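Start from chain A and add chains B and C according to the hints.
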Amino acid sequence: MERSFEQYFRQNRLPHLWCPGCGNGIATKAIVQAIEKKGLDRDKTIIVSGIGCSSRASGYMDFDTLHTAHGRAIPFATGIKLANPELNVIVITGDGDCTAIGGNHFIHGCRRNVDLTVVLFNNNIYGMTGGQASPMTPTGKKATTAPYGAVDPTFDACRLAEAAGATYVARSTAYHVPHLTDMIAGGIENKGFSFIEAMVQCPTAFGRKNKMADPAKLMMWMRDNAVMKAAWDKLPEDKKTGDKFPIGLLYQDEGVDYATAYDHVIEVAGGAK
Amino acid sequence: MRKQIRLSGSGGQGVITAAIIYAEAAVAEGKEAVQSQSYGPEARGGASKSEVIIDDGPIYHPHVKTPDVVLAMTQKAADKYYGDLHEDGILVLDTDLVPEPPAFKNIVRVPITKIAIEQVGKSLFANIVALGVLTKIIGLVDLETVKTAVSHRVPPHTIEANMKALQLGYDAVK
Amino acid sequence: MSKARLMQGNEACAEGALAAGVRFFGGYPITPSTEIAEGMAKLLPQVGGKFVQMEDEIASMGVVLGASLAGKKALTASSGPGISLKQELIGYAAAAEIPVVIVNVQRVGPSTGQPTAPSQGDVMQARWGTHGDHPMIALSPWSVREAFDTAVMAVNYSERFRTPVILLMDEIVGHLREKVELPSAEEIEVYPRRQPDKTRAEGYQPYAPAEDLVPNIADFGQGYHIHVTGLIHDETGFPVGSPKVTREAIDRMHKKIDIARDEITHVEEYCMEDAEYAVVAFGGTARTAYEAVLAAREKGIKVGMVRLVTIWPFADKAIKALAAKVKGILVAELNYGQIVGEVERAAAGQCPVELCAKYDMTIFEPEEILEGIEDLVAGGNK
Chain A
120 MERSFEQYFR QNRLPHLWCP GCGNGIATKA IVQAIEKKGL DRDKTIIVSG
170 IGCSSRASGY MDFDTLHTAH GRAIPFATGI KLANPELNVI VITGDGDCTA
220 IGGNHFIHGC RRNVDLTVVL FNNNIYGMTG GQASPMTPTG KKATTAPYGA
270 VDPTFDACRL AEAAGATYVA RSTAYHVPHL TDMIAGGIEN KGFSFIEAMV
320 QCPTAFGRKN KMADPAKLMM WMRDNAVMKA AWDKLPEDKK TGDKFPIGLL
370 YQDEGVDYAT AYDHVIEVAG GAK
Chain B
31 MRKQIRLSGS GGQGVITAAI IYAEAAVAEG KEAVQSQSYG PEARGGASKS
81 EVIIDDGPIY HPHVKTPDVV LAMTQKAADK YYGDLHEDGI LVLDTDLVPE
131 PPAFKNIVRV PITKIAIEQV GKSLFANIVA LGVLTKIIGL VDLETVKTAV
181 SHRVPPHTIE ANMKALQLGY DAVK
Chain C
121 MSKARLMQGN EACAEGALAA GVRFFGGYPI TPSTEIAEGM AKLLPQVGGK
171 FVQMEDEIAS MGVVLGASLA GKKALTASSG PGISLKQELI GYAAAAEIPV
221 VIVNVQRVGP STGQPTAPSQ GDVMQARWGT HGDHPMIALS PWSVREAFDT
271 AVMAVNYSER FRTPVILLMD EIVGHLREKV ELPSAEEIEV YPRRQPDKTR
321 AEGYQPYAPA EDLVPNIADF GQGYHIHVTG LIHDETGFPV GSPKVTREAI
371 DRMHKKIDIA RDEITHVEEY CMEDAEYAVV AFGGTARTAY EAVLAAREKG
421 IKVGMVRLVT IWPFADKAIK ALAAKVKGIL VAELNYGQIV GEVERAAAGQ
471 CPVELCAKYD MTIFEPEEIL EGIEDLVAGG NK
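For the record, the sequence lines run as chains A, B and C. Counting from 1 along the first sequence, just add 119 to a position and that's the residue number in my numbering. Counting from 1 along the second sequence, just add 30 to a position and that's the residue number in my numbering. Counting from 1 along the third sequence, just add 120 to a position and that's the residue number in my numbering.
What the hints contain is simulated information worked out from the structure, not anything from laboratory work. Note that the coordinates shown come from a computational prediction; the quantities given were computed from them, not determined experimentally. Where is the CB? At the ideal position from N, CA and C, for every residue including glycine. Some hints could be false.
Said to hold, decoys possible - Straight-line C-alpha distance at most 20 Å; calculated SDA-like pairs for lysine to any residue:
1. C/162 to A/381
2. B/61 to C/125
3. C/123 to B/85
4. C/123 to B/59
5. A/392 to C/139
Stated by the list, open to error - Some chain C residues judged to face chain B by a derived CB distance under 7 Å, without partners named:
6. 124
7. 126
8. 298
9. 299
10. 408
11. 411
This is chain A alone, in the form it adopts within the complex (with noise of 0.2 Å):
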């Protein structure tokens, strides 16, 4: 039987280099589900990843693709899309990625709003360097580099992305793999810089260190303390506690993207055709 999905795959790519149980495929699967959805014209889509395991996905999707440099995803996805704005261009990025070397692209992408799509796997640790702690890893799990447990306090991708002027922020995780396609989908609806955060398991890495080294107990996880938003907002402070976290389309805004708006300048300064 074929899979409508498989055509947006490079067969001769595959199979992936992510380990057995990972949610790295899973996320990447939501992201062509959600391309299907909306129906983009892939020639004109281009996929931009930067470096880590959530990056080698961009390798086995049959787009244009690029494989940047660590961290850098985001300025070289503005840079393709301010050049040619009818690309629809989706980000593929990491937590180390995105909001550690590639920290201040990210909030400057989010300041700009420029239209793009950033999907960010969150796998809570660097897994292709083989488990060292991330600005996401939960304080007090443990990574090879944090062998007592993370002492930093964690970032909250979501909450920073609103703050520095995302337009559309969301949630999911691999577990909720109708609901991740469908945050996609409304993140490449937006006209302006969407970001989605795909929680994804890390077994391998994150998960043998911290006694969840069984992918579908990851997943059970996820399962079990993942709030929807409507009922997050409904739930008291005193019980959103422990592990439990809201999903779903976390913040929404009106604004102009930024490459409408430099068209006003093209006006303004004569250049308009």
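Below, chains B and C alone, put in the same frame as chain A:
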């Protein structure tokens, strides 16, 4: 015919703009011109210096070696920048801002800033008054050409005041 | 009024890039290169192009590479610490073969150094600043007009060879204003973006080299579904972890420039017909060196000047021939001694090579280089 001119003062007096306008005027008359700002250690302490070289032939080394004219709009600039003047050169000083003229034989003192404040209305025009003074003293570029160059550089609503400043400076040299 | 006008070097650089077809600029403010960004911010939207001020130098480099991949000729400009920050993605451009021009208006370093003072201390950084083996093209103008011309050349070379090109300006030329007459659009040759030579059905491979060893990589959005990466890759563009592919990829990267070396290595000669000695100089320093040569000639010294317009690849052939002809070479450069090593290497002991160095934030005076010439002659007559 090579003319080497140095304009000096403190930051904000507009000596660099004056130098650029003079060089632009020289180019408009078909001459070769280079203009540079020196960022040497001497440019510290708020001092501002710009140099213009004008010639009929090509100009390579871009800095003034032995100036023919030095304009100094502050005491500090006067003390610092007149030393290498050509012995037949001219030192142009703002009368009020350089109360103690250096010991040099050819000095022209003009109350440049005072003219700008009292007759044009703002000290802001001092650099254009100075440009008028220099145009007359150097005698290399036509006043009309300098006027055109000024009008191309300044905001349109200030052209009239700038023309007045230029003329006042030009006429202030006896 | 003639077409001649007074123009600043940085301004001429922006005009040149525009004339060569640059339609995208990403940058970050830094002295003494800022006027290039300011010029582009004003000029680009007038021709339908785009200027974007990025959050840092790394992002500035990333955004121009993205724009170039999407089909726009792109430029960035910086100085000192900014150029150090850009090195990561200059290497990316070399590896992924993305056309881009990086202007470096050199200032005194290392580190923050002397932010507004002239220097030529980034010669070796231009060649080797990013990690790994890679080719490099760098050009250095000595006049405002040449800032325009080399900007055009830099853009053309970057497109023709699909490689990063560094326009190695210095503060002397960047901030100098002088009389200049710019060529008309018809007089300027512009190298167009290379286009794919096959369809996907015909087996198009983005990184398959054309006859000149340069690949005809499609722009994003043309329907080729190409993959671009900074990992070592084969003709398909996909990473391959094999010794053979690695060696071949690095070989081709170098060879595509090497086989065109004679064409892109420009030197200019002055007073060399009967010269017994030569000064080698480049950029703004060559202006002063030339006056020193003229002054030496007045003293009866038969000296000429060889000016390097192309810094990288180095003018090995020209310097080798020069060393065979003259009794001695003086290298004048505004640094502790960088290009002198290349001159020595190319001269290969055929004649003495002396260094006239200056690194005190002021430019050379003609007398200083004249003294160097006189010492060189005296040494040769010992």
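A quick look at each hint next to the structure:
1. C/162 to A/381: 13 Å, holds
2. B/61 to C/125: 10 Å, holds
3. C/123 to B/85: 18 Å, holds
4. C/123 to B/59: Given pair residue 123 of chain C, residue 59 of chain B holds - Cα atoms ~11 Å apart, limit 20 Å.
5. A/392 to C/139: At roughly 18 Å apart (the allowed maximum being 20 Å), residue 139 of chain C and residue 392 of chain A satisfy the hint.
6. 124: 6 Å, holds
7. 126: Hint holds; residue 126 of chain C Cβ to chain B Cβ min 5 Å, cut 7 Å.
8. 298: 4 Å, holds
9. 299: At about 5 Å, which falls below the 7 Å cut-off, the nearest Cβ of chain B leaves the hint on residue 299 of chain C intact, so it holds.
10. 408: At about 5 Å, which falls below the 7 Å cut-off, the nearest Cβ of chain B leaves the hint on residue 408 of chain C intact, so it holds.
11. 411: 4 Å, holds
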